[in-house]
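Starting from the known structure of chain C, arrange chains F, D, X, A, L, U and R with the ligands on it as the hints suggest.
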Amino acid sequence: MTDFLFQKTNGLTDKQTHYCPGCTHGIIHRLVAEVLEDLNVVEETIAIASVGCSVLSYEYFNTDSIQASHGRAPAVATGIKRVFPNQIVFTYQGDGDLASIGLAEIIAAAGRGENITVIFVNNAIYGMTGGQMAPTSLVGQKTSTSPLGRNPLLAGMPLKMCEIMSQIPSVEYVSRVSTHSPLAIRQAKVAIKKAFENQRANRGFSFVEILSSCNIGWGLPPVEALKWIESRMISYYPLGVYKDGKDLE
Amino acid sequence: MTDFLFQKTNGLTDKQTHYCPGCTHGIIHRLVAEVLEDLNVVEETIAIASVGCSVLSYEYFNTDSIQASHGRAPAVATGIKRVFPNQIVFTYQGDGDLASIGLAEIIAAAGRGENITVIFVNNAIYGMTGGQMAPTSLVGQKTSTSPLGRNPLLAGMPLKMCEIMSQIPSVEYVSRVSTHSPLAIRQAKVAIKKAFENQRANRGFSFVEILSSCNIGWGLPPVEALKWIESRMISYYPLGVYKDGKDLE
Amino acid sequence: MARGVLIIDRNRCKGCELCISVCPVKILSLDYENANIKGYQPMKILSPEKCIGCCNCAVICPDQVIEIMKGDTNHG
Amino acid sequence: MARGVLIIDRNRCKGCELCISVCPVKILSLDYENANIKGYQPMKILSPEKCIGCCNCAVICPDQVIEIMKGDTNHG
Amino acid sequence: MERRIVIAGFGGQGVLTLGQIVSLMAMEVDLNVTWIPSYGAEMRGGTANCAVIISDKKIGSPIVNDKIDILIAMNAPSLQKFVGLVQTGGSVIVNKSIINSIFDNADKFIYEVNATDIALRIGDIRCANIVVLGALCKIVNELDLSLAKRIVAKKFVKKCELLKLNELALFEGFQSI
Amino acid sequence: MERRIVIAGFGGQGVLTLGQIVSLMAMEVDLNVTWIPSYGAEMRGGTANCAVIISDKKIGSPIVNDKIDILIAMNAPSLQKFVGLVQTGGSVIVNKSIINSIFDNADKFIYEVNATDIALRIGDIRCANIVVLGALCKIVNELDLSLAKRIVAKKFVKKCELLKLNELALFEGFQSI
Amino acid sequence: MGKELMKGSEVVGASAILAGCNYFFGYPITPQNEIPEFMARELPLNNGVFVQAESETAAINMVYGAASSGRRVMTSSSSPGIALKQEGISYCAGAQLPCVIVSVSRAGPGLGGILTSQADYNQATRGGGNGDYNVPVYAPADLQELSELVQHAFYVADKYRNPVMVLIDGTLAQMMEPVELIKITYPEIDHMQWSVTGRKDRKNNHIISSIYLVADELEQHNHWLSKKYEQIVNLEEKAEIYQCEDAEIVVVAYGTSSRIARTSIDNLREKGVRVGMIRPISLWPFPFSAFENLPCCKYCLSVELSMGQMVSDVILASKFKYPVTHFGRVGGNMFTNSELESEILTRMSEVATND
Amino acid sequence: MGKELMKGSEVVGASAILAGCNYFFGYPITPQNEIPEFMARELPLNNGVFVQAESETAAINMVYGAASSGRRVMTSSSSPGIALKQEGISYCAGAQLPCVIVSVSRAGPGLGGILTSQADYNQATRGGGNGDYNVPVYAPADLQELSELVQHAFYVADKYRNPVMVLIDGTLAQMMEPVELIKITYPEIDHMQWSVTGRKDRKNNHIISSIYLVADELEQHNHWLSKKYEQIVNLEEKAEIYQCEDAEIVVVAYGTSSRIARTSIDNLREKGVRVGMIRPISLWPFPFSAFENLPCCKYCLSVELSMGQMVSDVILASKFKYPVTHFGRVGGNMFTNSELESEILTRMSEVATND
Ligand SMILES: Cc1ncc(C[n+]2csc(CCOP(=O)(O)OP(=O)(O)O)c2C)c(N)n1
Ligand SMILES: Cc1ncc(C[n+]2csc(CCOP(=O)(O)OP(=O)(O)O)c2C)c(N)n1
Ligand code: SF4
Ligand code: SF4
Ligand code: SF4
Ligand code: SF4
Ligand code: SF4
Ligand code: SF4
Ligand SMILES: [Mg+2]
Ligand SMILES: [Mg+2]
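Residue numbers (this note's numbering), protein chains in the order written: chain C, 404 to 652; chain F, 404 to 652; chain D, 532 to 607; chain X, 532 to 607; chain A, 423 to 599; chain L, 423 to 599; chain U, 2 to 356; chain R, 2 to 356.
Each statement offered as a hint is correct.
No farther apart than 20 Å at their CA atoms in a straight line, the calculated lysine to aspartate or glutamate pairs in the DMTMM-like style are these:
1) R:Lys320 <-> R:Glu238
2) C:Lys592 <-> X:Glu598
3) A:Lys479 <-> U:Asp267
4) X:Lys575 <-> X:Glu548
Bear in mind the hints are in silico, worked out from the structure with no lab data behind them. If you're wondering where the values come from, they're calculated on a predicted model, not measured in any experiment.
This is chain C alone, in the form it adopts within the complex (with noise of 0.2 Å):
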């Protein structure tokens, strides 16, 4: 009998991705794929899919989906969760989509304590729509939208949404990680687990920022663009656990 070390997990279809060639968006899939297929949950899960690169995912993740408007994910979430409260229910959003134009409906469901997960990648760029400056585009950072690199002092500073997020009572968990090394992606899955076992034991929204690289939009070959994450985003976005419980009264 032969053993494997690494699998293909039936959390994903067979489909292709259609992702540019390194793009992490795959790594990211997989990873929660795995968990939900680790968890045993890929019959009760109901994934929601938002408007970005990730638009398609519903062809990959191995699950029910509803594809939601540009931003409104968590909204769309708290309808389905609502009616199916045992069900397993994520948002899978890049960040021009949660942190930008999504911004009141993530911080509304995470205020209303909603038992889902959100899947947060974080890319610092609008990568669907050709590279455009996101709310988490770094300092300096070149984009099509910030020719000359992001001027903070005429779009601001970066948007560190785990740093919000944790500041909301209701939210049970924050958590941001990265995928720029097989390490990094092993930590990852751990808080990507732990952010689905939350749901399952209904203790309430928890939230995985997720660094992710870009490199079609950064305009640096893939393993570069890891590089990049490691030396450039780490910094300003450091990783770790954020919150791991409510804040009660």
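Same frame as chain C, but now just chains F, D, X, A, L, U and R with the ligands:
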């Protein structure tokens, strides 16, 4: 020559307000107006009125004004401030306006570090529409949409805006004050003044949360309502300066 | 004796009693006899001479009803 | 000798080189000679026997190209 | 037959409730009825009013902005505001206790009821609206005092003390004109 | 006179730029011209293509989804995708270096250019598009080699080394068919 | 159950619950606050869910999420709030999600006023979201009909897998009338084939989406939607025709203004004036067929509490066979019967002169 | 300046700057990303301001704020993004703020696809915001005209103190054509009487607002707005009439589809077919007067990249004097000249048979 110990401010028009008897919106109007007068900027100020009981505040502030759509005052303020960077621009927003429908706009404007002043009137309810639950309504608080009292299992725990705002790197100043007593009101004025001084000195986004009463919405006589602020609100919404000075990278 | 002299814009008053509740010397009351133009029973001052000029009443009044002049402290 | 045996789904590979960059024993490379069905130069393994089965490559691959079986450690 | 009734007063005087009771009474005798509050006023704690239309035909607009048949004015501003819209031959019930305005009453029937005083005397100022209801029963054929009693009883079924007061109020109101 | 040109290839092959150069050339000789990229493809780093129409009349749709006069296929998938839309008597310039597919060419003029090879030989693989431009000048009356030189020079004015390479590429392309 | 004296807003809520709607997502706005308030009170008693959304935008997207389950879901709002829902409604239509949106219109544009208005006819019937889609719109004129149409709206939404709107105005929402709440029985519609529930032991994943990146697929989808809309046009027109057989002048009015109009028609009929009314009950599909048999019609008056929006549908319906003009009051004002009657008489005399 | 080869999106930006627009607020969405990108690059060079808003909703409200200054302000977006702006546009109209909104439509409904489409005709011309308001909508067919109409839009916005929309589709935004950027001179319009600047030494405060709580005041405001709209209808209709003198079949098409149509008409004319075209340049006001002189018209074909939206305006314009039908492709597909020509010939033969 007679001296005044207390004199009406020319920062307000002479128009009588439409507020319910004892509504502290009136006090906050006066404080803002006094500060504008003290700083001698009444004639260079543009007030942004929001949608809430204070929707007509443009009739009371003795300044040019723009009435903004519900929740979008920070975006409107951004628009006019970017045209007139040397004028004083402030928004005057309720908790429904700012902490519910307008969450994205307030956080994004703070994220950009707009050089504006935000007066956030937290009365833990939707006053104008007749007393519905606000994101800031206290746990157990009875409102017309939480007839049995706010249930944190369904509606989450109240949002704490100062705590959230102070996590935004480009924010300069965050303070929470109250209107429940003459002392508190005097302290509130200090915070408001600081918030406008910051703007005048180009220091950036300043945010003052003011605990305010809605005796009608709360179903209490005005004097009791002030006591309710003191006894119930302040313990959940501690007063004080939450941030003074931007986070530098 | 009065350190403060209140000027009351009676018709602006909405009778909310906030001023009354914060006057340290308890010299304010509603005028239960006469409604003002808006139909409210407005605030009135009972013992003007006892005013200590603390301005609490004016500071808390939401409706710009009260202005306060310095009393004739020379005679105090 | 190999602790891990890679099963490579060649036609899924997009040639991003992430796996190559994280293999501690540097046994992975792109196949510069043959493009796969998608037109990418896919990853290939140079010295399968040197694989230590660390799974780094599979863990970082964004495209589910790699599965890894336990090598025949008995013979190791 | 169509009766266009406007009931107006201060916020706390129970004018909306009075309108609803009248509407319920009309329903009991199988008449069509509409009730609508004025919800336009921004001023809180100001005046409140509602319009009730009772008819044996289908009712068109529930809003009464002209041709009032019966005006119930619980305070002076309300009287002022609406009395001009009362049609010739119409009736005005005036809460005499707190209204002493003078108005042109040449072509109308005026009924003065010391509603607030009576209510106070009975023991609860909040009964003033029911006092007026008593009076109304006297001048409107379709609205019968015993019916009023029944409806009021239903409406206040949970508040026993109030119920007895209200019965008294009804009776006193009926007697008062 | 109307020429409907489709230029297609991989993302990095400069097909959009080539289309723009052709458009600029047409402008110089006072022809009407439109250029449009296909922006529908979601797949990044996949194929890219643009359509250029040159005409002495007002140009209708800038989109060329049928009746291609000239197809420039820089890689195999592009050839496959578009060759069926080339009209009878139309021309196909094929980047022979990397295309060896077989296709139905009965009613078309086929020009094979080893564009990538030539570019590599000249010294920069990115010149392959300019090699093809040279060839294009040979088969299109309105597009003159010297004009091409001028426009390419303008377009790459800031990148001197590239400029010289490009001149060479143009020439070699022109000679290649 | 017998008749009860109910407020329009409460009729909306109670009828929705009667129709099996257990999920409501809304946001306060006058003059429809009593709908979410009713739901906040009543739904929990029925094991239902009320969520006060953070905005109208969020509310319609919660509806989108909840409707993906195939259950009956509702939201309500008023003019500017409906404007904020337009993207979400377009999404619901694109993803073919049944749901009911109650629009209580107030006076506009912008913040406008909170009084009654019918100036959101275009907003309701022409969308405002993007793309080719339609939303059936029902406009009751009294509270009994409101109760029926709310239930009907759920049925139509389910039948066609499409959002359906019930359009009333501040007057209908705020007024009380005797209403008998009667549960209407409709054919059962099974949504198991498409609804998102978690895969369970199904083989295929169910996916709710409105994105079609390949033009041919989107075109096919558009044609499929259009076919549904055609079917709705053919089957779902609703109108009341009142006294039109011999009418020389036909008033077209819906909702609150049709109430006033009916009285005026009765009044004028008593005087021998040959006037009638077409009362559109479905605004989309507009009841064009109701105009097919107006043998004596010489003039058509589109009566709306707007500056004239429905009037263009009435002109289309008239096929230019007789003149059509608009009459109305706006800003929260309502025309009186005498205003309307004098307008009708003026138009009547014009027609007579032209004869 | 001479002609330059420019992309539609860049023409939008460059022409706005030429018109004195120094303030742009936008949010990314395909296929109009190149507009904000151009503005982000170019405006700072002109001391102008580019702000990437957090959403389309925020962008239109920034426009509302900036336009309160009386300066020229613009935003742009595409289909679902325009839907999100509807409330804000209604506010701008209500508060009488001049501003320009560029709508680059893509295929819908919902998220739909990113390819070209004209299915946002209703969205543009019927609002979708609340209340009685109108927005002039200009639909250029080539990039030179785009440059002119963008400038014209600012003028019309200023002249009437109203938002104005320029509606193009993905094709026009993405294509390149030779364009000569020519600054058009218009009469100067002074906004000092109402604009918000800080009071300074003025006596009265300037206030921008769309709220009117008293019905009579709002009614008066509505009438004032309507008067403006009437004036616009009377003065601002724009259309090109092409080969219609003797045309038996008239094609009505705007924007991209009119380009295709023109070619087909030329092709058919060569074959002797009497076909012409009305090309609406202003979609609202719809150029009804262009239809007044079609002496030979027996058939009208509304050609759109939608399932049929403009067609109802064309029917209104036809006054039912000849049949009107719709022809189009959707989902991002465009009809070819041969598809259109065969449609025209089919209709032509129908007409002939009926004769
Ligand atoms: C209402 C609306 N606005 C804008 C868009 C265009 N749009 C599509 S994806 C996207 C942003 C994607 O960025 P992000 O969320 O960071 O995801 P990424 O592609 O980087 O993974 C935008 C603005 C849209 N589809 N809908
Ligand atoms: C888009 C939109 N949604 C809803 C409303 C209705 N509305 C008016 S004021 C208000 C909330 C007011 O609450 P808050 O902001 O707390 O102010 P307060 O009245 O308590 O001072 C709402 C929801 C509106 N006018 N516009
Ligand atoms: S554009 Fe960026 S985020 Fe999108 S698929 Fe490519 S690399 Fe990934
Ligand atoms: S409702 Fe509340 S907030 Fe509004 S004016 Fe009255 S007391 Fe103040
Ligand atoms: S100033 Fe002080 S002492 Fe005088 S009346 Fe006011 S509160 Fe009382
Ligand atoms: S606080 Fe002002 S409004 Fe209230 S009672 Fe006193 S004087 Fe009157
Ligand atoms: S498992 Fe480890 S050693 Fe083996 S190929 Fe992969 S990365 Fe290299
Ligand atoms: S990481 Fe995966 S996709 Fe990338 S080269 Fe390696 S095997 Fe191929
Ligand atoms: Mg991103
Ligand atoms: Mg509030």
